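Novice: Sequence order for the protein chains is R and W.
So the first sequence is residues 1 to 270, counted in this note's numbering.
So the second sequence is residues 1 to 126, counted in this note's numbering.
Some hints could be false.
If the Cβ cut is set under 10 Å, some of the chain W residues that face chain R in the computed set are [claimed, not checked]:
| no. | residue |
| --- | --- |
| 1 | Thr5 |
| 2 | Arg10 |
| 3 | Phe16 |
| 4 | Val17 |
| 5 | His19 |
| 6 | Leu53 |
| 7 | Tyr54 |
| 8 | Val90 |
Since the hints were made in silico from the structure, they are not lab data.
As the structure is a prediction and not an experimental result, all values here were calculated from the model.
All C-beta atoms, glycine included, are put in the ideal place defined by N, C-alpha and C.
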Amino acid sequence: MPPSAVLFPERGGKLAALGSLRAPSRHNGYVAPTDVLTVTLRVKRFNPEVDRKPHWQEFTVEDMTPGDRVLDALHQVKWFEDGTLAFRRSCAHGVCGSDAMVVNGENALACQVLLGDAGTDITVEAIRGLPVVKDLVVDMAPFFAQYRSVLPWLLTPTDDPGYGERRQSPEDRERFDDTTKCILCAACTTSCPVFWTNGSYVGPAAIVQAHRFIFDSRDAGTSERLDVLGDRTGVWRCRTAFNCTNACPRGIKVTQAIQEVKRVILADRA
Amino acid sequence: MSSTTVYKGRSGQWAFVAHRITGVLVFLFLLLHIVDVSLINLSAELYDEVHQLYGNVLLRLFEVGLLFALLFHSLNGLRLVAVDFFPGAVRNERRLLSAVVVLTVAVGVPCGYVIMKPFIDGTLLG
Numbered sequence: 001m002p003p004s005a006v007l008f009p010e011r012g013g014k015l016a017a018l019g020s021l022r023a024p025s026r027h028n029g030y031v032a033p034t035d036v037l038t039v040t041l042r043v044k045r046f047n048p049e050v051d052r053k054p055h056w057q058e059f060t061v062e063d064m065t066p067g068d069r070v071l072d073a074l075h076q077v078k079w080f081e082d083g084t085l086a087f088r089r090s091c092a093h094g095v096c097g098s099d100a101m102v103v104n105g106e107n108a109l110a111c112q113v114l115l116g117d118a119g120t121d122i123t124v125e126a127i128r129g130l131p132v133v134k135d136l137v138v139d140m141a142p143f144f145a146q147y148r149s150v151l152p153w154l155l156t157p158t159d160d161p162g163y164g165e166r167r168q169s170p171e172d173r174e175r176f177d178d179t180t181k182c183i184l185c186a187a188c189t190t191s192c193p194v195f196w197t198n199g200s201y202v203g204p205a206a207i208v209q210a211h212r213f214i215f216d217s218r219d220a221g222t223s224e225r226l227d228v229l230g231d232r233t234g235v236w237r238c239r240t241a242f243n244c245t246n247a248c249p250r251g252i253k254v255t256q257a258i259q260e261v262k263r264v265i266l267a268d269r270a
Numbered sequence: 001m002s003s004t005t006v007y008k009g010r011s012g013q014w015a016f017v018a019h020r021i022t023g024v025l026v027f028l029f030l031l032l033h034i035v036d037v038s039l040i041n042l043s044a045e046l047y048d049e050v051h052q053l054y055g056n057v058l059l060r061l062f063e064v065g066l067l068f069a070l071l072f073h074s075l076n077g078l079r080l081v082a083v084d085f086f087p088g089a090v091r092n093e094r095r096l097l098s099a100v101v102v103l104t105v106a107v108g109v110p111c112g113y114v115i116m117k118p119f120i121d122g123t124l125l126g
């Protein structure tokens with residue numbers, strides 16, 4: 001009995017039987033939801049205690065369905081084949097942003113990519129530009145340091161005792177709605193070619209977080225944030241490659257947010 | 001499989017890469033151009049001799065390449081400026097990139113033909 005049948009008896013039973021009757025059909029690229037897929041997972045592995053450089057390892061994962069995610073395939077490997085495989089995931093439903101990785105050459109959350117879309121030959125590697133701790137786990141400390149550098153909290157006028165509500169019109173709230181969606185998964189920052197070559201660039205995620213407060217009518221810290229973002233490592237490093245916008249699992253218009261901050265700096269500092 | 005892979009990216013990433021490469025090419029030509037033009041200070045004959053070289057088929061082909069690099073780099077530069085200043089341009093950046101590529105080809109091909117005409121006609125120049 002395949003390992004997945006132990007965990008998911010309903011799948012291992014009914015669908016495994018189906019799979020033995022007919023091969024996965026991919027007519028014109030269409031994958032039926034009931035197809036049983038055998039997925040070849042190529043994972044870039046690196047164990048700093050043993051390896052001098054990363055290497056690829058191939059795993060074959062059976063009894064998957066098109067509705068399973070890349071994360072499910074990784075779970076199959078970790079739980080039943082090779083417990084040493086290291087990757088991060090917490091909620092596994094696209095909310096916590098722990099499992100950003102390079103799936104088939106592009107940044108994505110492993111919990112959001114369906115096998116029906118990714119196909120049966122999948123490559124997975126760690127996100128770029130941050131030091132790899134092990135396999136798919138990177139050191140996020142530089143990323144969070146850049147996040148903190150833009151003061152990502154509400155800065156109020158110094159004469160405000162903060163006893164009352166801070167009210168805002170729906171229109172004012174709408175102004176920065178897009179950038180409130182960020183889950184700090186680092187998919188945008190680590191997809192940026194400028195960040196790959198220059199790790200001191202504050203990066204799209206930090207700019208998105210700054211945008212969220214700069215365009216908030218209740219916030220009074222714009223000047224301090226623009227000091228950081230108008231600096232040499234700030235928004236002017238952006239070369240508008242649009243990788244960040246394409247990579248964002250929340251669909252935030254990241255490049256647009258960066259351009260808006262650029263224009264605020266231009267208007268403020270010109 | 002090598003341990004390094006290429007980030008797939010979409011049109012914007014490859015426009016960025018092409019912008020960098022064409023930028024370096026144009027810059028290197030500019031250096032060459034400064035040298036060849038400043039030869040006039042040394043001697044008019046030397047200047048003429050060196051500039052005769054530009055009639056050579058290989059250098060003409062190089063000039064066609066330079067033309068395409070210049071066209072792409074300048075038009076894409078305008079696209080990036082538009083993206084910086086106009087929200088509408090950010091939303092339509094892929095369409096703008098298509099326009100950049102179409103214009104580069106539309107202007108580059110006839111002008112490239114003019115540059116290569118002596119060799120196409122068989123009437124070699126210089």
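Novice: All hints are to be evaluated individually against the structure, with a verdict given for each.
Specialist: Tested hints:
Checking W/Thr5 against chain R by beta carbon gives a least distance of about 6 Å; that is within 10 Å, so the hint holds. With its C-beta approaching chain R no nearer than about 5 Å, W/Arg10 sits inside the 10 Å limit, and its interface hint holds. Against a cut-off of 10 Å between C-beta atoms, the interface hint on W/Phe16 holds, since the closest Cβ of chain R lies about 4 Å away. Below 10 Å, beta-carbon pairs count as interface contacts, and W/Val17 has one with chain R at about 8 Å; its hint therefore holds.
Because the smallest distance between the Cβ of W/His19 and any Cβ of chain R comes to about 8 Å, under 10 Å, the interface hint for this residue holds. Proximity of W/Leu53 to chain R is violated relative to the hint, the smallest CB-CB distance being about 36 Å (cut-off 10 Å). Hint status for W/Tyr54 relative to chain R: violated, with the closest Cβ pair at about 33 Å, above 10 Å. Hint on W/Val90 holds. Least Cβ distance to chain R is approximately 5 Å, under the 10 Å limit.
Going down the numbered hints, you'll see the structure goes against 6 and 7, while the others check out.
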